[in-house]
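We have chain A already, so just place chain B on it with the hints.
Chains A and B are the protein sequences, given in the same order. The opening residue of the first sequence carries number 1 in the working numbering; numbering runs sequentially from there. The opening residue of the second sequence carries number 1001 in the working numbering; numbering runs sequentially from there.
No lab work stands behind these hints, which were simulated from the structure alone. Only a predicted model underlies this, so the values are computations on that prediction, with no experimental measurement involved. A few of these clues could be false.
To give a feel for the contact side, a few chain A residues facing chain B, derived at Cβ under 7 Å [as the list claims (entries may be wrong)]:
id, residue
1, G40
2, G42
3, F45
4, E48
5, N56
6, L90
7, F106
8, P109
9, G110
Virtual Cβ for every residue (Gly too), placed ideally from N, Cα, C.
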Amino acid sequence: KAGVTQTPRYLIKTRGQQVTLSCSPISGHRSVSWYQQTPGQGLQFLFEYFSETQRNKGNFPGRFSGRQFSNSRSEMNVSTLELGDSALYLCASSLASNYPSRNEQFFGPGTRLTVL
Amino acid sequence: DAKTTQPPSMDCAEGRAANLPCNHSTISGNEYVYWYRQIHSQGPQYIIHGLKNNETNEMASLIITEDRKSSTLILPHATLRDTAVYYCIVPPLTGGTSYGKLTFGQGTILTVHP
Chain A
1 KAGVTQTPRY LIKTRGQQVT LSCSPISGHR SVSWYQQTPG QGLQFLFEYF
51 SETQRNKGNF PGRFSGRQFS NSRSEMNVST LELGDSALYL CASSLASNYP
101 SRNEQFFGPG TRLTVL
Chain B
1001 DAKTTQPPSM DCAEGRAANL PCNHSTISGN EYVYWYRQIH SQGPQYIIHG
1051 LKNNETNEMA SLIITEDRKS STLILPHATL RDTAVYYCIV PPLTGGTSYG
1101 KLTFGQGTIL TVHP
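Chain A on its own, in the form it takes in the complex:
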């Protein structure tokens, strides 16, 4: 089974621009979560989507948004980029079953965003 894929792998943008990152989950997984990883803050949860609905959101400004499509693929968007948005952005997919024993998350390789 193919793993979680993220595109692009690397991205360089300048302040004020916006960016869209894409995530394709493992086939059959309906939940996609997004995380931001920086050296100073570590891994932080951004939001989670399930069946095209955002079910949970972390403590990030409204410049960070996302969506999920009917095939479970997800995108996240960051508008008005700031230098501090430079980070590794990770997505993870899971079955999101009703059984807590089956909700392990599988992560993609990440998108490395650099804001100049």
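Chain B in isolation, oriented as in the chain A frame:
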């Protein structure tokens, strides 16, 4: 999430067993213990999870104490490629603000030496 405590770093010789401890004294009865690792600059990798019985898969073994307040991840024959940050996580049962959210602490930096 139930708070977890891990040592910041550990060393292990290649070929020996690596035993990584985790304290989770506030874990509730139906919460699972999950272990992930992150090799430098890669996405975290799921390793194993368990409720109260010991678990084993192709990557590792998980030993959970009878009172469930602590656990140990065992890599039976560590290799250089096992050098990574290991995270012990106890996610709350799904629902409400817990959907899809894993809370990563600082983890344990495991360094495997030749």
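Of all the hints numbered above, which does this structure not satisfy? Sort the numbers upward. 1
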